[in-house]
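Chemist: Heads up: the protein sequence lines correspond to chains A and B, in order.
Start counting the first sequence at 366; every next residue gets the next number (this note's numbering).
Start counting the second sequence at 121; every next residue gets the next number (this note's numbering).
It cannot be assumed that every hint is accurate.
Here are the computed lysine-lysine pairs in the DSS-like style, where the Cα-Cα straight-line distance is at most 27 Å [what the hints assert, rightly or not]: (1) K840(B) - K918(B); (2) K769(B) - K897(B); (3) K467(A) - K710(B); (4) K322(B) - K610(A); (5) K140(B) - K165(B); (6) K600(A) - K549(A); (7) K152(B) - K635(A); (8) K610(A) - K769(B); (9) K752(B) - K840(B); (10) K610(A) - K892(B); (11) K641(A) - K918(B); (12) K918(B) - K610(A); (13) K892(B) - K608(A); (14) K321(B) - K361(B); (15) K161(B) - K635(A); (16) K152(B) - K600(A).
No lab work stands behind these hints, which were simulated from the structure alone.
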Amino acid sequence: MENTKLEELKKLASDCIREAQDINSLNDIRVKFLGKKGEITSLLKSMKDLSAEEKPKFGQMVNAIRQEVEEELQKHMTELQEKAKEAKMASETIDVTLPAKKMAYGHAHPNTRALEEVEKIFVGMGYEVVEGPEVELDEYNFEKLNIPAGHPARDEQDTFYINENILLRTQTSSVQARVMEQGKLPIRMICPGRVFRSDAVDATHSPSFHQIEGLVIDKHVTFADLKGTLDTFAKELFGPETKTKLRPHHFPFTEPSAEVDVSCFKCGGKGCRFCKGEGWIEILGCGMVHPHVLEMCGIDPNEYQGFAFGVGLERIALLKYEIDDMRLLYENDTRFLNQF
Amino acid sequence: MNTSMNWIKEYVPDLDCTPKEWTDAVTLTGTKVETCSILNKNLDKIVTGQIKSMEKHPDSDHLWICQVDVGQDDFVQIVTGAQNQKVGDVVPVVLDGGKVAGGHDGGELPEDGVVIKAGKLRGIESYGMMCSIEELGSSREFYPEAPEEGLYIFPEGTAVGQDAPTLLGFNDAIHEYEITSNRVDCYSVIGIAREGAATFKKAFHMPKEEKSGNNEDVHDYLSVEVIDTDLCPRYTARMVKNIKIAPSPKWMQIRLASAGIRPINNIVDITNYVMLEYGQPMHSYDYDKIRGHKIVVKRAQDGDVFETLDQQERKLDHTILTICDAEGAIGLAGIMGGENSKITDDVKTMVFEAATFDGTNIRLSARKVGDRTDASAYFEKGLDPNLAESAINRACALIEELEAGEVVGGMIDVYPVKREPSVVVCKASDINNLIGFNLTAGEMKEYLERIELSTEIGADGDTLTVTAPTFRQDIHRMCDVAEEITRFFGYANVPTTLPGGSDVAGRLAPDLAVNERVRHYAQALGYSQAFMYSFESPKVYDKLLFPEDAVEKQQIKISNPLGEDFSVMRTSSLNGMLTSLSTNYNRRNKSAKLYEMANVYIPKALPLTELPDERMTLTLGFIGEGDFFTMKGDVEDILNQLGILGRFKYDAAGCTKPFLHPGRRANIIYDGKLIGFLGEIHPTVLENYSIGEKAYVAVLDMPEVYPLVNDDTKYTPLAKFPSVTRDFSMLVPLDVTAGQIEDVLIQRTGKLCENVELFDVYIGAQVLAGYKSMAYKVTLRAQDHTLTDDEINGVVKKILNGLERMGVSLRS
């Protein structure tokens, strides 16, 4: 009889648990059946009427049921908690395509972006990045570069003069002599900086622009090393497929001298509008430092030799970022700057 | 420099390359081709044809129906609107499906030419077109025998069915070169031909300079005296009599046309032809106009005025070299002849001059008299004196060949110091070490002799003795010889290596590294980098309200600026920044935050005697969201990132920058040093720059910042003992600044001070007139113990005493 009653009670508890829809009802059910005054707990209290033999047996049965109900209840409770969490998260769904909240970062000028790339390449090859004056003595801009007074190269460069001896430097090569004169050998340096030439402002000209001069002086530096250096530079800057081509040229302060073309990084050298169908784009001038330049700077050309090169920074920036008008570089319109 | 392939082939007859192959190859040996135009690129199916009959078009009053014999079985019927032709004329005829270069109006030539197809003209079939010189891509300028309007007509007797473009010299390619200043010899067809021959390993033949002249002696006609031999190392003269002025032959006209020179007559054309061929300009004088039959070469005198043959009056001075006769100037040496001695059509006897003048002097003189002529452009490069003799003899030979006159025998030659070939002795091993290849002395000799640098190898097998002909004025040292070898060895064939190990570490110079960091911090704070010009108009300093005596108005002036707007080196970075902010404002860009990292140029004395102080300057500027304190925070953030910590002082009274709002500006002081300033732009300056909203700027003088940069960071242990905070809500007289209060709070708290923070300021009706309400939170902490009440109270008392002295009281 007791068994039947127990079974019924258990069934009743199970039914209640199954029907419970929320966590609160389940808590009520716990109280109703398992609480201190709950129906299962009170069964234990009725044990006092049983015989000594029946007591443990009955007790065991009640405890077993109690445990089953407990487990059932806990299981259902976990289910309901999960459901509640899911419902909450469902209600918190957002439109992930709404705009991002951003810090308004500023942008480097395209010249600087290109310069930092170039600097990184040469610093990686052991070059020091140095600077020199923009208002310069004729001596450094011309004389010590093998361009004495009356030399036709002076006419080609349309120099801004302050007076007879002082000018706005027309080339960062002016820093070569300054560095060599310091007498610390060997030298491995690049010198970026502003240069000036008397060209009126238009889409491809500016009276002020930037160059990066490179200079390496050591005991056994060769023209082949110059080739290798520039080839490495071009591959780093424009991509590993880039090819370089050296064409003989003339600069008063280097001998032999060359102009350097790189294969067009747009078409890979097949020829396109970008490279005007040539497949090649001229990017810099270079050569072996002229022994007379070394002599003028107090370096013995029988002991030391080296190479120098000069790159136009705007040339690289315009090419790399496909900017078609140099005037944009000095307007500082944020719609332009924000693209870099 | 332009040359025709056909002309070059005259000296390199074995040359068999295409124009494209030529372009690529000579560019790689150092003669850079800039452009290559193939004259008959768009001339197709054009033959000579003879007009056999002409009849009026029935439905037109200007069209002609012609039957043309083009050497085929049947005549070709062509309808033409041209009027200058007659039956029997031979003309260029483009056949059905052929192509011409352009229209008869001589306008710009279309890239792909014009295709001619058979069709009907007012109902009559036409199977081609008869051409004008313009339709063939040229003009009457170069083909003076062509009519002003209408068809080109070949000389009588021209056979029909020939390739018409070839007859006119269009079967040619014209290359335009960039010749470097060291290769004066390459400003000539023979110079280019010599390089090309060496490039393609073909034989090069100089033009024949046959002995010319009758058995008279030019010295009996004329004498020459060179007074200023420093400016005229050589002067040669020859004479021609019984001159017959006539057009030059077609072959010569075609050559001149290929170089863009208009044919005039036989005498002028020969002069121009030799100039192109040899690179030696010549001049011809009318012998009968040379007074005293004597030529004197000397400097002009200051104040002389001379009329050149273009009827311009030129003012001369003592630096300009003149060619004179017994009485006065008859020409400007190397630049232009005189009106008083020029050749006219009735000339009977003439003097040819081929001289060498000092290049630099000619360049400066040409600039002074204001005319850089074709001749001066050659002379200014510095010509080889030995060229003069070859050129004058070649010209006289051409006079005889063209039957333009009778050449008088002999040559007057004033040549006091003969130019000798340059000899370079060097070692093959040194050349190998310079270039990084490994050639034998014999291989080097082979490359050098291709370009007429005769080379002897010494007994040691290493020493090279290289003799450079005088036309090669650029061969002086081992490196020059090395370049010649490398050019023909091929730059592409030189190995590609990297320099050996070096003990130089790669890095940015310290100041540059700071600049780079500052750029990155400014960008992180939202500023984009601007680039400005270094020179500007002196007027911008008025726009910025600088008074007349401001030090900023002491600018370095450029003596030859591009105009006033670029005439002085800036002493302040403000104009650039405000101009850029204005650009953005006026282009309706909502906000703009810009920074610039560049120099200002401060002269040490004016006029400049030494290089100026170039001061790297960081300029921050913005329009849009933010105020003075935003800018102040940005400046402090940047400085803090550089390890410049602690308190910055802001000195309002000391800041007198006129372009800033007088109540909203301050100098930035750190550790007693002025390192920059910041402020709101003065309303008048905003108006001057057309900026319709508030703008803020800050400027840091980087040379003052560099020594403050501190990367020596040391760890401070995290606090183990608790902190205590005390709030002070005060009534502050309006003229007491936050900075003054903070000074008191910090000083009086001493080393227990951890933080002082202003959390409320109020000025208004609720506060006693003449006062403002301010509230500070002061945080105290000791590193080694928990603060006691006594300690805290002691500090608070000290603070209150200090505040009291400034008239500050606590609010109840």
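Chemist: Each of the hints needs a verdict: does it hold here or not?
Modeler: Taking the hints in turn, this is what the structure says about them:
Between K840(B) and K918(B) the alpha-carbon distance is near 26 Å, which keeps this suggested pair within the 27 Å criterion. With a CA separation close to 20 Å, the supplied pair K769(B) and K897(B) stays within the 27 Å bound. Between K467(A) and K710(B), the direct Cα distance comes to roughly 17 Å. Compliance with the 27 Å bound is thereby established for this hinted pair. Among the hinted pairs, K322(B) with K610(A) is consistent with the structure: their alpha-carbon atoms are about 25 Å apart, no more than 27 Å.
A distance of roughly 23 Å separates the Cα atoms of K140(B) and K165(B); the hinted pair therefore holds under the 27 Å criterion. Of the supplied pair hints, the one linking K600(A) and K549(A) is violated, its CA atoms being roughly 30 Å apart against a limit of 27 Å. A C-alpha spacing of about 20 Å is found between K152(B) and K635(A), which places the hinted pair at or below 27 Å, so the restraint holds. Proximity of K610(A) to K769(B) is assessed by CA-CA distance (about 57 Å); at most 27 Å being required, the pair is judged violated.
Among the hinted pairs, K752(B) with K840(B) is inconsistent with the structure: their alpha-carbon atoms are about 33 Å apart, more than 27 Å. In summary, the hint linking K610(A) to K892(B) is not supported, as the alpha carbons are separated by about 74 Å, beyond the 27 Å threshold. For a cut-off of 27 Å, the pair hint linking K641(A) to K918(B) is broken: about 79 Å separates their Cα positions. With a C-alpha separation of about 78 Å, the suggested pairing of K918(B) with K610(A) is violated against the 27 Å cut-off.
Note on K892(B) and K608(A): the hinted pairing is violated, with a Cα-Cα distance of about 72 Å set against a maximum of 27 Å. Between K321(B) and K361(B) the CA atoms are separated by roughly 43 Å; this puts the pair beyond 27 Å, and the hint is violated. A hinted pair counts as satisfied when its Cα atoms are at most 27 Å apart, and K161(B) with K635(A) qualifies at roughly 22 Å. A hinted pair counts as satisfied when its Cα atoms are at most 27 Å apart, and K152(B) with K600(A) qualifies at roughly 25 Å.
Checked against the numbered hints above, the structure violates hints 6, 8, 9, 10, 11, 12, 13, 14; every other hint is satisfied.
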